[in-house]
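Please build the complex by placing chain B on the supplied structure of chain A, with the hints as guidance.
Line by line, the protein sequences are chains A and B.
Residues 4 to 127 in the working numbering are what the first sequence spells out, letter by letter.
Residues 18 to 164 in the working numbering are what the second sequence spells out, letter by letter.
Worth double-checking, as some hints may not be accurate.
As the list claims (entries may be wrong) - Simulated coverage check for chain B against chain A, where a stretch passes if three residues somewhere in it have a Cβ under 8 Å from a Cβ of chain A:
id	stretch
1	80-89
2	111-120
Claimed, not checked - Which bits of chain B does chain A cover? Going by a derived footprint, with three or more residues having C-beta under 8 Å, they are:
id	stretch
3	69-77
4	145-154
Claimed, not checked - Label-pair distances were calculated between CB atoms; the ranges are:
id	chain 1	residue 1	chain 2	residue 2	range
5	B	Ser127	A	Val13	36 to 44 Å
6	A	Asn21	B	Gly126	48 to 56 Å
7	A	Leu105	B	Ala61	37 to 45 Å
8	B	Met159	A	Ile106	34 to 42 Å
9	B	Ala122	A	Ile47	33 to 41 Å
10	A	Val66	B	Val147	26 to 34 Å
11	A	Gly22	B	Phe93	38 to 46 Å
12	A	Ala60	B	Ala125	36 to 44 Å
13	A	Phe120	B	Ile118	28 to 36 Å
14	B	Ala133	A	Met28	20 to 28 Å
15	A	Gly22	B	Leu131	12 to 20 Å
16	A	Ala113	B	Gly126	34 to 42 Å
17	B	Ala86	A	Ala113	25 to 33 Å
Since the hints were derived computationally from the structure, they do not count as laboratory data.
Small disclaimer: the values here were computed from a predicted structure and weren't measured.
For glycine and all other residues, C-beta sits at the position ideal for the given N, C-alpha and C.
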Amino acid sequence: MTMQTPLGRVRGLGSAKNGTHHWWMQRVTAVALVPLTLWFIYSIVSLLGAGHAAAEAWMASPVNAVLMVLLVIATFHHLQLGLQVVIEDYIHGEGVKIAAILIVKLASFALAVLGAFAVLKVAF
Amino acid sequence: MTYINQATAQVARGRMDTGNRPLSPHLQVYRWQWTMALSIIHRATGIALAVGALLMVCWLVSVAQGAEAYASLNAFLSSWIGRLMLFGWTWSLLYHLANGIRHLAWDAGSGLELDAARTTGYAAAAFSVVATIALWAAVYTMTGAFS
Numbered sequence: 004m005t006m007q008t009p010l011g012r013v014r015g016l017g018s019a020k021n022g023t024h025h026w027w028m029q030r031v032t033a034v035a036l037v038p039l040t041l042w043f044i045y046s047i048v049s050l051l052g053a054g055h056a057a058a059e060a061w062m063a064s065p066v067n068a069v070l071m072v073l074l075v076i077a078t079f080h081h082l083q084l085g086l087q088v089v090i091e092d093y094i095h096g097e098g099v100k101i102a103a104i105l106i107v108k109l110a111s112f113a114l115a116v117l118g119a120f121a122v123l124k125v126a127f
Numbered sequence: 018m019t020y021i022n023q024a025t026a027q028v029a030r031g032r033m034d035t036g037n038r039p040l041s042p043h044l045q046v047y048r049w050q051w052t053m054a055l056s057i058i059h060r061a062t063g064i065a066l067a068v069g070a071l072l073m074v075c076w077l078v079s080v081a082q083g084a085e086a087y088a089s090l091n092a093f094l095s096s097w098i099g100r101l102m103l104f105g106w107t108w109s110l111l112y113h114l115a116n117g118i119r120h121l122a123w124d125a126g127s128g129l130e131l132d133a134a135r136t137t138g139y140a141a142a143a144f145s146v147v148a149t150i151a152l153w154a155a156v157y158t159m160t161g162a163f164s
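Here chain A stands alone, though its shape is the one from the complex (with noise of 0.2 Å):
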């Protein structure tokens, strides 16, 4: 039997024990994106009918493919975050909610990997 009062309990790391975290990141991962989809933006219209010579020499480029990386990376991860939250709205049985984040997450990261092992692999 705990004398803590259920505010005393969700202080501090909170009811999940993960603090602001989640929410933070999402603001860094926001912040990030910006400048990046911008610059994406940008790209991909000047790379329009330009034709797959000239969008490998665009990816060889270390800066757009260092940018292109960051992206991705901040792409999924800002992605997990904001879709997480969408399933833990509207999902409500506890099993299937925890399958549907788990596939979130580990489709998330996979696909990072996969779009930057693909950058890489043109820009080496």
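For chain B alone, kept in the frame of chain A given last:
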């Protein structure tokens, strides 16, 4: 002290059971408002962009795989359905970007007043539509059509 309902009373007295928490938001008791729509669209565009991120990876892989894979992905994206999807993703991205900046400003503590929230909401929505059309118009003017 009287409270509007049992759950509120429990919260106030610090004795809330996990099974009887007030649910938020009670969509059915609110009058429909512009800012609510913007908030829901932010989430919807976020989900759409998660699917769009799959396309981004496909595109990166196609560049790595070679000219043939790149050409076949390009052929799909140049079809009318491909263009429609790209147009949708362009708007989703620009909306989520503009409204996301609005969210970051709120997190920094500014723009939370009713008038400011409404004005920046209109601005984000207007920007996303205008910028999407302008971007596509610019692309079509530059390239004729992309192939």
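How does the coverage statement for the stretch 69-77 of chain B fare against chain A, requiring three or more residues with Cβ below 8 Å from a Cβ of that chain? holds (count 5)
Does 26 to 34 Å hold as the CB distance between Val66/A and Val147/B, or does it fail? With a Cβ separation near 30 Å, Val66/A and Val147/B satisfy 26 to 34 Å, so the hint holds.
C-beta pair Gly22/A, Leu131/B: status relative to the range 12 to 20 Å that was hinted: violated, 31 Å
Range hint 37 to 45 Å (beta carbons of Leu105/A and Ala61/B) holds or violated: Once the Cβ atoms are compared, 23 Å apart, the range 37 to 45 Å for Ala61/B and Leu105/A is violated.
Three or more residues of the stretch 111-120 of chain B near chain A by CB distance under 8 Å? holds (count 4)
Range first: 20 to 28 Å. Now tell me if the beta carbons of Ala133/B and Met28/A are that far apart. With Cβ atoms ~27 Å apart, the hint holds.
Using the C-beta atoms of Ser127/B and Val13/A, is the stated range 36 to 44 Å upheld? violated, 28 Å
Cβ-Cβ distance between Phe120/A and Ile118/B: within 28 to 36 Å? Between Phe120/A and Ile118/B, where Cβ atoms are some 31 Å apart, the hint holds.
Falls inside 33 to 41 Å, the C-beta gap from Ala122/B to Ile47/A? With a Cβ separation near 27 Å, Ala122/B and Ile47/A fall outside 33 to 41 Å, so the hint is violated.
Taking the beta carbons of Asn21/A and Gly126/B, is their distance inside 48 to 56 Å? violated, 23 Å
Would you check chain A against the stretch 80-89 of chain B, counting CB to CB pairs closer than 8 Å, and say if three or more residues qualify? holds (count 6)
Using the Cβ atoms, figure out if Ala113/A sits within 34 to 42 Å of Gly126/B. Once the Cβ atoms are compared, 38 Å apart, the range 34 to 42 Å for Gly126/B and Ala113/A holds.
Checked against the numbered hints above, the structure violates hints 4, 5, 6, 7, 9, 15 and 17; every other hint is satisfied.
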